[in-house]
Amino acid sequence: MAEEVKLLKTWSSRFGLRVVWALKLKGIPYEAIDEDLSNKSALLLQYNPVHKKIPVLVHNGNPISESLVILEYIDETWKQNPILPQDPLHRARERFWAKFSDEKLLPSVWGAFTKEGKDREEAMAATMENLKFVEEELKGKKFFSGEKIGLVDLVFGWLANLISIFEEVSGFNIVGEGYPLLSAWMQEFSELPVIKDTWPPRDKMIIKYQALYDKYHPAK
Amino acid sequence: MAEEVVLLDFRPSPFGMRSRIALAEKGIKYEYKEEDLRNKSALLLQMNPVHKKIPVLIHNGKPVCESLIQVQYIDEVWHDKAPLLPSDPYQKATARFWADYVDKKIYDLGSRVWKTKGEEQATAKKEFIETLKLMEKELGDKPYFGGESLGYVDVAFIPFYSWFYAYEKCGNFSIEAECPKLIAWAKRCMQKESVAKSLPDQQKVYDFILEMKKRFGIE
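So the sequence lines, in the order shown, correspond to chains A and B. Throughout, the working numbering is defined as the position within the first sequence, counted from one, plus 1. Throughout, the working numbering is defined as the position within the second sequence, counted from one, plus 90.
I should point out that these hints are in silico values taken from the structure, not numbers from a laboratory. The reader is advised that the hints may include incorrect statements.
[Stated by the list, open to error] Below 25 Å or equal to it, Euclidean Cα-Cα: the simulated PhoX-like pairs (lysine-lysine) are: (1) 195(B) - 41(A); (2) 25(A) - 194(B); (3) 140(A) - 152(B); (4) 227(B) - 27(A); (5) 195(B) - 53(A); (6) 259(B) - 303(B); (7) 205(B) - 195(B); (8) 105(A) - 130(B); (9) 130(B) - 133(A); (10) 41(A) - 227(B); (11) 194(B) - 54(A); (12) 123(B) - 142(B); (13) 152(B) - 100(A); (14) 194(B) - 143(B); (15) 53(A) - 41(A).
So that you can see chain B by itself, here it is in the shape it has in the complex:
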């Protein structure tokens, strides 16, 4: 049976980027459908009635929701190419832990950096840098979080690199100055076609953020 893969997505979403990268790493052909989040499609509401959010991966008509769950699903179904999760249970658990850490910290703290001002923003920036430094420590001397090749944690984390410029402009700070090794890792990831094609241009993300700020009246 021919495989039918559809991804309901939104270009600036770092969560959508994760699934794009995973699909690209595995060389899977799929149909990309851009959603208008202010006017969600009937398909999106049908396929993700609980959260009504993107990304949604639809494989032969069956939906898989939540980006990290999609990445694991993609890794398990198309297991013969470019494995993203290690096979050793302890290494797998370590990868899951750090992907979970990215989920718990990076998006929320990054959001607070661009959404707030003054004292609140200063606190968010400080905590954001601390989490980046912790990720840097976890990376250590490895080329990727996954070791010699792109892995689960890399896929979970690299999408946020496309938002770094926006965070820096809004927060008036330099991430490279604070975390040079992390930026080196990010640039290494961007050398890969699967990543480069999946991430939007940083300026475009910044323009999107500015539009969000205007729309929500955030100065």
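Here chain A stands alone, though its shape is the one from the complex:
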């Protein structure tokens, strides 16, 4: 049976992008459908009635939601270029850092970008501490998953793009000289053939995040 793969995402979503990378890595052809989240399509509401969010992968009519669930599904369905290792302990470690990215690091970075005053200081402090753990995790490794990229690299991928955008818009330094391994990883990751030309247009991103920044930091 011919495979039919659709991906509902948006032009800028970091969560959609990690699914794009996984599909590219495995050479899986798919149809990309960019949603307008201010006007969600009937298709999106049908495929993800619980959260009504992107990304949603639709494989032969079966929808899968939540980017980490999607990534594991892709890895289990298409075996070439595995994203996760075989060994259960290494798999557990990869899942741990994937969770850390989305539940700890991203919220602290977002807080540093959107909050003000004391809240902002706290978010920055949390970010610094979180980044220290990430830096530590890269010791002795080229990528988080070793010699080749894997789940954790795909899940942390947003760092390689969003950090510089946040820094440009806010004027604050987030990942500075204190994180040489992380800086090197961001560079290496971005230059990979699978990643290179996939970033959303930078000028559009700057406009989008500038608007968000202004919303959270209204001029007094």
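Following the hints, put chain B in place on chain A, whose structure we already have.
Only chain B this time, still in chain A's reference frame:
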């Protein structure tokens, strides 16, 4: 090599309960170590330096952190008995989705039910019941979320049943009245030794919550 399995845990924790159930389902002998969360052990801080939280599963000296990651690890290592995750990738993805839903919704909403009052509590109760009803819908006519036998979603969700009495007393409502099928499912799970032995008594959980409320000055 003899397997050495240690679980750093805290009896009322629904997250710890998940790992207890998974280990029991697989018939794995392990050493249970109760942590005093106000005085965390050196072992806990060493094994989970990032979050400093329980549960931590230590298998032959190597730590696995985060309860659902532990359940998946247990399922993968001891794969020849009582499989918790289905083998079909789509069914597996569906199970992971619903376990993730439990993680995102049940604990936080339940916490808001016992920690807040007035309008805030009313909103939390309403949303909490809505999520329970959605879980009930997902269960459908199956005996377990896993189908004919206890599965990943059952293990992820059933620990919260030990907190239901506390939620009901604090929120002044009846979960059974709102979600009878879910309570029937919970009682079915409690018939299993692996579950019954892993969950604390509901009254004990309520006593714990009352102590928390006093300690944090929540009336």
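Inset, instruction - Identify every previously stated hint that the structure contradicts and give their numbers, smallest first. - result: 2, 4
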